[in-house]
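Chemist: Quick note, the sequences are listed as chains A and B, same order.
At the far end of the first sequence sits residue 892, using my numbering, and the numbering has no gaps.
At the far end of the second sequence sits residue 168, using my numbering, and the numbering has no gaps.
None of these hints come from the bench; they were simulated from the model.
Nothing here was measured: the structure is a model prediction, and the numbers come from that model.
Here a beta-carbon is modelled for each residue, glycine too, at the ideal position from N, C-alpha and C.
Mixed in with the good hints, there may be bad ones.
[To be verified] If we take Cβ atoms under 8 Å as the criterion, some of the chain B residues that face chain A in the derived model are:
(1) Met50
(2) Leu89
(3) Val115
(4) Lys125
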Amino acid sequence: MADIGHLILILALVSSGYSVLISLLGARLQRESYLQSGQHALYATAVLVTLSSLLLWQQILGNDFHNEYVASYSNRAMPAFYVFASFWGGQKGSLLFWGWLLTIFAALAVYLNREKSRELMPYVTAVLMAGSAFFLLLVIFVAPPFEKLWQMADGHVIRALAQPINSIPFAPPDGKGLNPLLQHPAMVIHPPILYLGFVGFSVPFAFAIAALITRQLGSQWLNLIRRWALVPWFFLGMGMLLGGKWAYMELGWGGYWAWDPVENAALMPWFVGTAFIHSIMIQEKKNMLRVWNMVLVMLTYILCIFGTFITRSGVVSSVHSFAKSEIAPWFVVYLVLIIAGSAILLFKRLPDLKTDNHFDSVVSRESAFLLNNLAFLGALFAVFWGTIFPMVTEMVRGVKVTVAEPFFNTVTIPIGLFLLFLTGVGPLVAWRKTSNRLLKKIFLKPILASFVGLAILMLFGIRHFYALVSFTLSIFVTATIVQEFHRGARARMRTNAENYALALYNLLLKNKRRYGGYIVHFGIVVMFVGFTGKAFDAEKEAHLKIGESTELRGYRMEYLDFNVHEDDNKVVWQATMDVYKDGEKVKTIYPNRHYYKVPEQPTTEVVLRSTLQEDLYVVLAQPNEDKSAVFKIYINPLVNLVWLSGLVVTLGTFVTLLPDPEPGSPGKSKARPKPRLSEVEATA
Amino acid sequence: MSSKKTKVAISFGIVAVLLAWLVVSGFNENMQYFVTVTDFHKMPASEQEQSLRVKGNLVPASVEETGNNLEMFFLLEEGGEQLRVRFDKERPDTFVDGSEVVVEGKLTDKGYFAANTLMAKCPSKYESSDDYDVNAYDPTTHEIRGGTN
Numbered sequence: 209m210a211d212i213g214h215l216i217l218i219l220a221l222v223s224s225g226y227s228v229l230i231s232l233l234g235a236r237l238q239r240e241s242y243l244q245s246g247q248h249a250l251y252a253t254a255v256l257v258t259l260s261s262l263l264l265w266q267q268i269l270g271n272d273f274h275n276e277y278v279a280s281y282s283n284r285a286m287p288a289f290y291v292f293a294s295f296w297g298g299q300k301g302s303l304l305f306w307g308w309l310l311t312i313f314a315a316l317a318v319y320l321n322r323e324k325s326r327e328l329m330p331y332v333t334a335v336l337m338a339g340s341a342f343f344l345l346l347v348i349f350v351a352p353p354f355e356k357l358w359q360m361a362d363g364h365v366i367r368a369l370a371q372p373i374n375s376i377p378f379a380p381p382d383g384k385g386l387n388p389l390l391q392h393p394a395m396v397i398h399p400p401i402l403y404l405g406f407v408g409f410s411v412p413f414a415f416a417i418a419a420l421i422t423r424q425l426g427s428q429w430l431n432l433i434r435r436w437a438l439v440p441w442f443f444l445g446m447g448m449l450l451g452g453k454w455a456y457m458e459l460g461w462g463g464y465w466a467w468d469p470v471e472n473a474a475l476m477p478w479f480v481g482t483a484f485i486h487s488i489m490i491q492e493k494k495n496m497l498r499v500w501n502m503v504l505v506m507l508t509y510i511l512c513i514f515g516t517f518i519t520r521s522g523v524v525s526s527v528h529s530f531a532k533s534e535i536a537p538w539f540v541v542y543l544v545l546i547i548a549g550s551a552i553l554l555f556k557r558l559p560d561l562k563t564d565n566h567f568d569s570v571v572s573r574e575s576a577f578l579l580n581n582l583a584f585l586g587a588l589f590a591v592f593w594g595t596i597f598p599m600v601t602e603m604v605r606g607v608k609v610t611v612a613e614p615f616f617n618t619v620t621i622p623i624g625l626f627l628l629f630l631t632g633v634g635p636l637v638a639w640r641k642t643s644n645r646l647l648k649k650i651f652l653k654p655i656l657a658s659f660v661g662l663a664i665l666m667l668f669g670i671r672h673f674y675a676l677v678s679f680t681l682s683i684f685v686t687a688t689i690v691q692e693f694h695r696g697a698r699a700r701m702r703t704n705a706e707n708y709a710l711a712l713y714n715l716l717l718k719n720k721r722r723y724g725g726y727i728v729h730f731g732i733v734v735m736f737v738g739f740t741g742k743a744f745d746a747e748k749e750a751h752l753k754i755g756e757s758t759e760l761r762g763y764r765m766e767y768l769d770f771n772v773h774e775d776d777n778k779v780v781w782q783a784t785m786d787v788y789k790d791g792e793k794v795k796t797i798y799p800n801r802h803y804y805k806v807p808e809q810p811t812t813e814v815v816l817r818s819t820l821q822e823d824l825y826v827v828l829a830q831p832n833e834d835k836s837a838v839f840k841i842y843i844n845p846l847v848n849l850v851w852l853s854g855l856v857v858t859l860g861t862f863v864t865l866l867p868d869p870e871p872g873s874p875g876k877s878k879a880r881p882k883p884r885l886s887e888v889e890a891t892a
Numbered sequence: 020m021s022s023k024k025t026k027v028a029i030s031f032g033i034v035a036v037l038l039a040w041l042v043v044s045g046f047n048e049n050m051q052y053f054v055t056v057t058d059f060h061k062m063p064a065s066e067q068e069q070s071l072r073v074k075g076n077l078v079p080a081s082v083e084e085t086g087n088n089l090e091m092f093f094l095l096e097e098g099g100e101q102l103r104v105r106f107d108k109e110r111p112d113t114f115v116d117g118s119e120v121v122v123e124g125k126l127t128d129k130g131y132f133a134a135n136t137l138m139a140k141c142p143s144k145y146e147s148s149d150d151y152d153v154n155a156y157d158p159t160t161h162e163i164r165g166g167t168n
């Protein structure tokens with residue numbers, strides 16, 4: 209008999225399939241009891257998949273190497289922290305993890321909205337359960353994480369779900385272990401966080417489909433999913449940032465982003481998701497772009513599935529695509545189904561989505577949003593094309609043609625800078641049309657600040673074109689944000705007799721969406737400044753004997769000593785270096801390499817001397833017999849701002865997600881937010 | 020009214036065209052063939068000397084370090100054919116005997132392939148093998164080598 213975990217997954221598949229059917233039937237026949245039953249089956253599915261996941265964890269933590277997955281990705285020597293993470297160390301566990309998160313999201317989304325939108329719920333349930341069923345099919349038929357090892361009569365060991373005839377259970381004394389490169393704290397949380405992003409976009413997609421089917425195409429469904437779109441958007445972004453941090457610390461090439469297909473896989477839905485969370489605001493305010501928003505939310509979900517497909521199937525050759533497996537055709541079928549289904553449904557509902565509103569002026573909020581959307585889709589198009597081009601050419605011409613990394617930079621840098629510009633302009637210009645007089649009033653100070661900043665940068669000798677543009681725009685956007693906060697706080701001080709700090713605090717909490725959004729924008733500015741540091745990096749390779757030293761941009765590294773030591777897990781080769789900055793000793797560093805014994809694998813252990821201004825990044829590239837060694841030294845200016853920006857974005861997102869007070873709750877007279885300058889003008 | 024609409028449409032049109040131009044021009048400048056070692060040897064000489072990506076497996080024990088900083092030569096093998104590659108930057112941790120290696124660069128007139136970038140994937144560390152052979156289990160390293168039967 210197969211493992212109980214596997215049997216539970218089969219039950220979950222049955223339950224999810226039942227939920228789809230009974231919900232659709234209930235909606236057609238208008239039977240409340242059927243709809244209830246569908247929702248209960250959805251909860252049951254979530255419970256079953258949870259149970260199954262806990263069982264896998266139990267086998268992993270219990271070193272049950274009879275389970276082939278456990279034997280492949282865990283071992284006794286690994287710290288408990290990493291044993292825990294080997295759940296998603298391989299393909300089968302990852303897929304189960306995906307499915308698990310999806311059913312949890314589904315249960316939450318349905319439970320929290322069950323009263324708010326009774327008409328949409330049957331279809332939301334059906335779509336979410338259909339998506340879950342797809343992943344359950346994969347972990348049952350294609351990549352089962354509960355396969356066991358069996359030794360046949362002739363001594364061979366095979367894997368199978370159930371015990372083959374004439375075999376005995378087999379368990380190796382120890383497992384193969386997680387690849388040492390993946391044994392890094394960021395790598396433990398990076399996959400779950402990224403998956404929360406990938407999986408979470410299923411909920412807005414399900415609501416969109418439900419809205420289309422039921423023709424409830426007003427702004428109700430958008431209001432319901434605003435938070436459900438923001439949360440996965442946030443996780444997707446944070447997942448990428450953590451992945452970057454991991455690459456920076458663990459891969460030892462001095463950078464954090466390489467336009468690898470797997471990285472692009474997460475970036476693409478993030479682009480479209482970002483466009484979506486902006487353009488829904490136009491629909492809320494102006495009831496415009498209704499078709500467009502549908503397309504965006506569908507595309508985001510499709511790209512999430514496509515991203516999972518790229519990551520897990522290995523169709524695009526990449527250092528990451530460690531899983532060339534049989535799951536590829538399944539994903540292709542599922543992708544074709546959701547693309548065709550979405551397109552047909554959208555096409556049939558086009559007449560219902562028509563709207564009478566249109567654009568009045570190029571200089572308006574809605575235009576800024578649309579330009580933002582265009583830029584994001586342009587970036588998406590470039591990255592998508594660059595990522596799938598090898599696949600396409602191989603299919604069409606039989607040769608793989610790739611585009612090199614410079615392509616992605618050439619295209620995305622100008623688009624990114626244009627978006628940075630819009631970050632400053634978009635939130636401040638008025639809806640419909642902005643007069644020249646008003647433009648001057650809003651942007652005069654920020655523009656002045658930018659020019660002063662530009663002059664100072666030039667004075668310091670910066671001549672790199674993109675860097676100048678990026679820094680100047682960063683100053684511009686920061687100035688607009690500061691101006692908004694300042695103006696709002698001053699208005700509160702006048703009307704509510706509050707001091708400045710309290711006024712700022714209340715301003716933020718009374719208009720969470722607007723000012724939380726500004727904080728997120730400021731986080732993006734910090735990130736851009738961090739990215740721009742790349743323009744000023746430096747690197748050097750130095751072959752040193754003990755006692756020699758090398759210099760790079762104000763730093764002097766003196767190579768003092770070399771030694772080798774060994775523990776159960778690995779051999780460590782370690783150099784000792786003193787770092788001097790402008791003649792003063794600032795730190796002693798120990799660049800080293802580990803040689804893991806199981807599996808046999810060297811890992812570079814990067815050492816940093818980190819300041820906000822720059823990282824000194826030293827790698828022991830090649831130790832030699834005579835104790836001389838080759839070091840690779842990088843200076844990465846401003847790189848820490850990239851990580852720091854994650855905290856700012858987190859804070860801003862958190863503010864926008866805080867619940868609003870219920871309208872009409874006692875003691876909370878609906879405080880009118882200070883109208884934007886542009887709004888005063890528009891009504892005047 | 021309609022002239023306003025045209026103005027807006029034209030503005031967006033210009034942005035869209037600019038974006039498209041950016042993508043297409045960037046694309047054409049950065050295309051390169053991605054071939055295996057066998058494909059590489061079948062290519063005409065003129066194509067071998069343009070910038071290429073070549074994939075093969077690192078021939079065990081073929082790495083020769085010249086002692087000149089990180090410079091090294093090694094052999095890539097695929098489908099019975101081999102290619103000699105020079106690389107002088109830091110090698111990735113995944114670059115070990117048998118690794119699947121992708122190099123980017125071009126053939127030089129000295130007969131070797133000068134690589135600017137090198138990517139490597141461990142032979143079997145990420146993937147689990149389909150079969151286990153109990154006889155292949157090594158109690159000292161705890162390694163289970165995947166059988167082929």
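Chemist: Against each hint, give a clear statement of whether it holds in the structure.
Modeler: Now the hints, each set against the structure:
1. The interface hint given for Met50 of chain B holds, since its Cβ lies 6 Å from the closest Cβ of chain A, which is under the 8 Å cut-off.
2. With a least beta-carbon distance of about 5 Å to chain A, the hint placing Leu89 of chain B at the interface is held under the 8 Å criterion.
3. The closest approach between the C-beta of Val115 of chain B and any C-beta of chain A is roughly 7 Å, which is under the 8 Å cut-off, so the hint is satisfied.
4. The beta carbon of Lys125 of chain B is not positioned within 8 Å of any beta carbon in chain A (closest approach about 12 Å), and the interface hint is therefore violated.
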